[in-house]
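Protein sequence lines, in the order shown, are assigned to chains A and B.
2 is the number of the first residue of the first sequence in our numbering; add one for each residue after it.
2 is the number of the first residue of the second sequence in our numbering; add one for each residue after it.
Derived from the structure by calculation, the hints contain no laboratory data.
Hints may contain errors.
Which copy is meant is left open, because identical chains are indistinguishable; a pair holds if it fits in one copy or across any two.
As the list claims (entries may be wrong) - Subject to a maximum C-alpha distance of 27 Å in a straight line, what follows is the list of computed DSS-like cross-link-like pairs (lysine-lysine):
#: 1; residue 1: K316; residue 2: K54
#: 2; residue 1: K227; residue 2: K300
#: 3; residue 1: K227; residue 2: K308
#: 4; residue 1: K94; residue 2: K235
#: 5; residue 1: K308; residue 2: K94
#: 6; residue 1: K162; residue 2: K227
#: 7; residue 1: K54; residue 2: K94
#: 8; residue 1: K227; residue 2: K316
#: 9; residue 1: K227; residue 2: K278
#: 10; residue 1: K54; residue 2: K300
#: 11; residue 1: K227; residue 2: K280
#: 12; residue 1: K278; residue 2: K308
#: 13; residue 1: K54; residue 2: K278
#: 14; residue 1: K94; residue 2: K227
#: 15; residue 1: K300; residue 2: K278
Single-letter residue listing:
Protein chains: 2
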Amino acid sequence: MRQPVAGKVLVHTLLCVLLLLPTAQALAAQPLASWREGQSRAAIEAFVTAVTKAGGPDYVEPAERIAVFDNDGTLWSEQPLYFEVLFAMDEVKRLAPQHPQWRTQQPFKAVLENDHQTLAAQGMDGLLQIVAATHSGMSNDDFIARSRSWLASARHPRTGKPYTEMVFQPMLELLAYLRDNGFKTYIVSGGEVVFMRAFAEEVYGIPPEQVIGTTLGASFQDQQGKLSIQRLPKVAHNDDGPGKPVSIDSIIGRRPLLAFGNSDGDLQMLQWTMAGKGKRFAGLVHHTDAHREWAYDRKSSVGHLDKALDQAQAKGWTVVDMAREWRRVYPFETPQ
Amino acid sequence: MRQPVAGKVLVHTLLCVLLLLPTAQALAAQPLASWREGQSRAAIEAFVTAVTKAGGPDYVEPAERIAVFDNDGTLWSEQPLYFEVLFAMDEVKRLAPQHPQWRTQQPFKAVLENDHQTLAAQGMDGLLQIVAATHSGMSNDDFIARSRSWLASARHPRTGKPYTEMVFQPMLELLAYLRDNGFKTYIVSGGEVVFMRAFAEEVYGIPPEQVIGTTLGASFQDQQGKLSIQRLPKVAHNDDGPGKPVSIDSIIGRRPLLAFGNSDGDLQMLQWTMAGKGKRFAGLVHHTDAHREWAYDRKSSVGHLDKALDQAQAKGWTVVDMAREWRRVYPFETPQ
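Start from the sequences and build out the full structure, keeping to the hints where you can.
This is the structure in structure tokens:
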């Protein structure tokens, strides 16, 4: 009678071990369900298979499986303007009663009057004034509460959806697929870090300590025992372009194995990733879908993609054709 | 025959689940073996038990179990001078043949002549010059290689041991105990971040992305396709005193549940930790052991401990009496 019992115990052990293994394959039949069969999906799967195959020539230890993602235009949309700029403009309107001088003072006047032409003419200086007025002069705790309050109530002018629903379903699946394969997923974005932390964990499953972004100067304050981190009206680190590999090296201290972006501001991050030893992956989300999202690249001021597209084509990086390769863009759509 | 088989399968299932649970208790009989029974050990164990007890009033989700540790004087020794300063002085000597002017130029002359009195008279300005000359003007990759080369060959003037052996065995056990209980352990130190990463993973089991420290300015360089992060001769963030809660909030984005330090430079980090909601833990390593290590506090320039000691005593934080509470200080000693 020993043989059958031993056999059952063995089967049970295997079953027990398999059930406890937290792999995507065991839990979901289709880990990249919103990606059509095609070049990009095949490239992603081939890469992940290669670096996770124990004993294989391209195997990489889990600790070194770092994946970095730009946010605006890579994980969520960025039109008609970066969503954080839309937040800042709404904040100017909300705070205007406490700042009567804004009614006559640019760039605030243009924001309050919805005068986009005058606003555009204020350029980067105007934008920085708006950011300073809405992003500093309060504690980090207060700022994250304001960000969450806006995200909960604001609606996108074209879709009428909350901004946090305008995330790319195929990218959510890619993040999950990478994590299921032992990757640590990071955001490395020009967005301000505390603003992104207001939604990154809930929406992307990316915890605060894996969100890297532009930072403001900050000071520790102790007012009669009430402690806070106060936000100063100056940029401490601009996490765009060459600032991305700098923050990756400073904060993560490891070179990523995979990087995904969508604009020239991601070029140096992609280059830095690909310059490492062994198999690496660089990807660009190419906005080619005027119907379901937006179509733009070389001529756009938001999400300008020109040099990085040339380099991707020259070096064989993966360029995701959104219109052709994604079965759906947003989670609220029906897959096609 | 069905009952016995079902019983065996049930026992086997339980065994299988238990064997796969990665708890310290299951794997090591004595998680804090170098801590004598006493106040500090009891306080640590009571705290960890409270915040990890599922369903208990003080339970904290694993994701929020952030523990931060100062390095110099908290995880390893810092006498007769911070070990990174000893590294910088050795680097001045190693690099001197390429800088003949140093033979007549302070503070380098004093270093080369082992003239500690003149060197001390150069103060913080002199120290910063030495740090700039030895810590910048190269890539991060080159600097980590230099740091590792020094750590492999240099010996401490009193013990004759490699510096990486002068780590505190009870603190290594505390790091492991916390990790076994679901904590994420971070270094938050005035030391330069890349220097600490040269040994933190191997010595403390703390990966590079969990090492926070003082940072230098950095620039991304592309020289004919050869990419590097170059170290600039200026401090970007001084991770001491109020700089510690600022970097914790900027990089981790969560308030720590536990903090350990040993000097006034850790005061704000301890205050910030304790100002959070719910059960928190603040600890100080008190250097009371002139025989096995060093005895110093209020009058020492290195590891100056005065205000933080007053606050710890006033607020009932844990003050570890090294001489009385540790069975051994270094891993190479025999436990007493």
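Results for each hint:
1. Taking the shortest Cα distances, K316 and K54 sit within 27 Å of each other inside one copy (25 Å), while across copies they are farther apart (53 Å).
2. In the homo-oligomer, the alpha carbons of K227 and K300 never lie at most 27 Å apart, since the shortest distance is 49 Å inside one protomer and 29 Å across protomers.
3. Taking identical chains as interchangeable, the C-alpha atoms of K227 and K308 lie at most 27 Å apart only when they sit on different chains, with a minimum of 18 Å there against 49 Å within one chain.
4. For the homomeric pair K94 and K235, the shortest alpha-carbon distance inside one copy (22 Å) is at most 27 Å, but the shortest distance between copies (40 Å) is not.
5. Taking identical chains as interchangeable, the C-alpha atoms of K308 and K94 are never at most 27 Å apart, the minima being 37 Å within one chain and 45 Å between chains.
6. In the homo-oligomer, the alpha carbons of K162 and K227 never lie at most 27 Å apart, since the shortest distance is 38 Å inside one protomer and 45 Å across protomers.
7. Proximity of K54 and K94 under a CA criterion of 27 Å is satisfied in neither setting, with 54 Å inside one chain copy and 47 Å between copies.
8. Taking CA atoms no more than 27 Å apart as the test, K227 paired with K316 passes between copies only; the shortest distance there is 16 Å, against 54 Å inside one copy.
9. Only between protomers do K227 and K278 lie at most 27 Å apart by alpha-carbon distance; the minimum there is 13 Å, versus 49 Å within a single protomer.
10. Proximity of K54 to K300 under the C-alpha cut-off of 27 Å is found in neither arrangement, the shortest distances being 41 Å within a copy and 57 Å between copies.
11. In this assembly of identical chains, K227 and K280 lie within 27 Å of each other by CA distance solely across copies; the values are 18 Å between and 50 Å within a copy.
12. With identical chains, the CA atoms of K278 and K308 are at most 27 Å apart within one copy only, with a shortest distance of 23 Å there and 49 Å across copies.
13. Proximity of K54 to K278 under the C-alpha cut-off of 27 Å is restricted to the intra-copy arrangement: shortest distance 17 Å within a copy versus 44 Å between copies.
14. Taking the shortest Cα distances, K94 and K227 never come within 27 Å of each other, neither inside one copy (30 Å) nor across copies (47 Å).
15. Taking the closest pair of Cα atoms, K300 and K278 never come within 27 Å of each other, the shortest separation being 34 Å inside a single copy and 50 Å across copies.
Checked against the numbered hints above, the structure violates hints 2, 5, 6, 7, 10, 14, 15; every other hint is satisfied.
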